[in-house]
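Asks: Chains as they are written, first to last, in our numbering: chain A, 8 to 235; chain B, 182 to 403.
Hints listed in this document are in silico derivations from the structure and should not be mistaken for laboratory results.
Among the hints, a few may not be true.
Unchecked claim - Dumping the calculated SDA-like pairs for lysine to any residue here, alpha-carbon to alpha-carbon at most 20 angstroms:
1. 372/B with 224/A
2. 372/B with 101/A
3. 251/B with 101/A
Stated by the list, open to error - Now the in silico label distances, taken between C-beta atoms and shown as ranges:
4. 240/B with 189/A: 36 to 42 angstroms
5. 138/A with 219/B: 18 to 24 angstroms
6. 216/B with 143/A: 49 to 55 angstroms
7. 212/A with 223/B: 56 to 62 angstroms
8. 232/A with 360/B: 25 to 31 angstroms
9. 134/A with 223/B: 22 to 28 angstroms
10. 248/B with 64/A: 56 to 62 angstroms
11. 29/A with 248/B: 20 to 26 angstroms
12. 243/B with 73/A: 54 to 60 angstroms
13. 240/B with 210/A: 35 to 41 angstroms
To be verified - So the derived list for chain A, only partly shown, Cβ under 8 angstroms to chain B, looks like this:
14. 13
15. 47
16. 48
17. 51
18. 52
19. 56
20. 111
21. 160
22. 163
23. 167
24. 204
25. 208
26. 214
Yeah, the Cβ is synthetic: ideal placement off N, Cα and C, and Gly gets one too.
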Amino acid sequence: MHVPDGFLDAPTSVATGVVAAVGIGIALRGARRELDDRTAPLAGLVATFVFATQMLNFPVASGTSGHLLGGALAAVLVGPSTGLLCMAVVFLVQCLLFADGGITALGTNISLMGIVTVVVGWAVFRGAQAVLPKRVSMVAPAAAAAALVSVPVASMVFVALYAAGGTVDIPLGQLTTAMVGVHTLIGIGEAAITFLAVGSIVAVRPDLVYGARRVLAARTLQIRESVR
Amino acid sequence: MGAPHGHTLHFHGHSWLHRLPAHVKLVALVVFMLTVVATPREWYPVFAGYLALLLLLVATSRVPPTYLAKRMVVEVPFVVFALLLPFVATGPRTEVLGLSVSEHGLLGAWSLLAKGTLGVTASLLLAATTEPRALLTGLERLRVPTLLVQIMGFMVRYLDVVTDELRRMHVARESRGFSARNPRHWPVIAKSAGVLFIRSYERGERVHLAMLSRGYDGRMPR
C-alpha cells in the first residue's frame, strides 16, 4: 500500500527523499556492474514485470485477495542493485502516470518498499544461502526467507518514520502491534508466492536467476555412464 | 491493497496545461504539494484556497471532472484509514453524533483527507495532461540520471506489451476451466508469474540485441 501525501510531515518527507536519492545513486553504479550496457532495456523490462506481477491477484479467503510487493523477489532474480532500480522506477511510474502514492511521499515509498525490502531481502537471502546446503533447489527456500523477513521489517521502519514525523498521535504501541501483525501475515503470503515463483523459474532457467549464479558456478561437470 | 491499474491516465487535449512543458508541471506539482503538506492543518481557509486553485486548473485544462473523479478510487484505502483515526487516536475526547471520538484523531483525519485528496487530484491532473513521452523528456531536463530515465522509458514503452501478455495467460487459464478461489491455487498463478519473468527477461535481451545491431552505444539518440 502506497503512502499518500500528508501522511508524514514535510521534513520527514524531504529526508526520506534524500535517502531514496542516495540509494538510487548507489544502485545506478551497482547496476552498471551487474548488467553493463544491457542495463536500460533489461532493467526496464524487469520493472515492467514487477509492475505486472503487482496486478496478479492471489485469492486468500472468501473474496479477499492480495498481491506481491516484489522487493525480495526482484533482488533474488536480478540482483540487489538492478532490483532496487526496478522498484524505484515502478514507484516513479505509479506516482507520475497512475497517481498512486503521493509525490511528496515518493521518497518514503521508494525508501520503504524499495530500499528496505531489497536490502533486507538480499541480506537475508545471502545469509540463508550461507547456512543452507549449496544446491540449486535451495535458492527458492532462501528467497522465501528473504520475502518473509523483508515485509515486517519494512513495516517496522514505517512505524519508526511515523514516530519521527507522523501527523496524528496514534499510540505507538498499538500502531506497532497492528502494523507488524498485519505485515507478518502479508510477509507469510509474500514468502509463499516468492517461493513458488522462484522455484518455477529455477526449474526452467536457473541461469537467469542472479541469486543462483554462485551455486551454478560452483557446480562441476558430471559425466555419467550412459545406458546402452 | 492498491487498486488495479488500467491504462495510463492521459486525456488527449490541447489546453494551455497540456501544452506547458512537462518539467514546469513537475516542479509546480512538487512545490505545490510540499506547500500543502507543510501547511498547519488548522488553517482551514488556506485549504479552501488550494482547492479553488486546483479546481480552476482542472476547469481550464478541459479534462472532464468526471474523468478525474472516477480515477480517484486509488485514494479509497486511505479514506477508510482516515475514518478509523478518530476512534484509535488518543487525547481529549469529544462527542460527534453521539459517538465518543478523539479530538486529535478528528483533526488528523481531516488533515489526511484534505492533503491526500489535494495530492491525488493534483497528480491525476498531471497524468491526464502530460503524455508519458513528454514526462520522460521533462525528467531528463530536471537532471534525473539518464540511465533512470531510460529504464523508465523502456518500462512505459513495454507496459502494455507485458500486461497484455499477462492478460493472455489469464484468458488461457480461464478457458481451461481454471479459476483461482483459494490459496490451493497459488502454485498455478505463481508459475504464471515465473513464466512472465522469463518472457520479460528474454524480451529485454532481444530488445538489447536489436538496439546493438542498430548502433546503440549506451546512450539514447536525441
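Asks: Now, for every hint given, state plainly whether the structure supports it.
Replies: Here is how each hint holds up against the structure:
1. Taken as a hint, the residue 372/B and residue 224/A pair is broken in the structure, with Cα atoms around 25 angstroms apart against an allowance of 20 angstroms.
2. A hinted pair counts as satisfied when its Cα atoms are at most 20 angstroms apart, and residue 372/B with residue 101/A does not qualify at roughly 25 angstroms.
3. Between residue 251/B and residue 101/A the alpha-carbon distance is near 17 angstroms, which keeps this suggested pair within the 20 angstroms criterion.
4. For the pair residue 240/B and residue 189/A, the supplied restraint of 36 to 42 angstroms holds, since their beta-carbon distance comes to about 41 angstroms.
5. About 47 angstroms separates the C-beta atoms of residue 138/A and residue 219/B, a value inconsistent with the hinted range of 18 to 24 angstroms.
6. Remark: the range hint 49 to 55 angstroms for residue 216/B to residue 143/A is upheld by a beta-carbon distance near 54 angstroms.
7. The supplied range of 56 to 62 angstroms is met by residue 212/A and residue 223/B, whose beta-carbon atoms lie about 58 angstroms from each other.
8. At roughly 48 angstroms, the beta-carbon separation of residue 232/A and residue 360/B lies outside the given 25 to 31 angstroms, and the hint is violated.
9. Our hint of 22 to 28 angstroms for residue 134/A and residue 223/B is violated, since their Cβ atoms are close to 48 angstroms apart.
10. Range check, residue 248/B to residue 64/A: Cβ separation about 26 angstroms, and the 56 to 62 angstroms hint is violated.
11. For the pair residue 29/A and residue 248/B, the supplied restraint of 20 to 26 angstroms is violated, since their beta-carbon distance comes to about 38 angstroms.
12. Roughly 39 angstroms separates the CB atoms of residue 243/B and residue 73/A, a value that falls outside the hinted 54 to 60 angstroms.
13. Under the hint 35 to 41 angstroms, the C-beta atoms of residue 240/B and residue 210/A, about 56 angstroms apart, miss the expected range.
14. Taking 8 angstroms as the C-beta contact cut-off toward chain B, the hint placing residue 13/A at the interface holds, the least distance being around 3 angstroms.
15. A distance limit of 8 angstroms between C-beta atoms decides the matter here; for residue 47/A the minimum to chain B is near 4 angstroms, and the interface restraint holds.
16. Taking 8 angstroms as the C-beta contact cut-off toward chain B, the hint placing residue 48/A at the interface holds, the least distance being around 4 angstroms.
17. Nearest Cβ of chain B to the Cβ of residue 51/A: about 2 angstroms, under the 8 angstroms cut. The hint holds.
18. Residue-level restraint check for residue 52/A holds (minimum Cβ-Cβ distance to chain B is 4 angstroms; threshold 8 angstroms).
19. About 4 angstroms separates the beta-carbon of residue 56/A from the nearest beta-carbon of chain B, less than 8 angstroms, and the hint is met.
20. Below 8 angstroms, beta-carbon pairs count as interface contacts, and residue 111/A has one with chain B at about 5 angstroms; its hint therefore holds.
21. Interface hint at residue 160/A: violated, since its Cβ lies 19 angstroms from the closest Cβ of chain B, which is beyond the 8 angstroms cut-off.
22. Given hint, residue 163/A at the interface with chain B, is violated; its Cβ is 19 angstroms from that chain's nearest Cβ, farther than 8 angstroms.
23. Annotation: residue 167/A was flagged as interfacial toward chain B, and the flag is violated, the nearest CB pair being 19 angstroms apart, outside 8 angstroms.
24. Contact between residue 204/A and chain B, as hinted, is supported at the beta carbon level, the nearest pair being about 4 angstroms apart and thus within 8 angstroms.
25. Hint on residue 208/A holds. Least Cβ distance to chain B is approximately 4 angstroms, under the 8 angstroms limit.
26. Because the closest C-beta pair between residue 214/A and chain B is about 10 angstroms apart, greater than 8 angstroms, the hint is violated.
Consistency note: the structure conflicts with the earlier hints numbered 1, 2, 5, 8, 9, 10, 11, 12, 13, 21, 22, 23 and 26.
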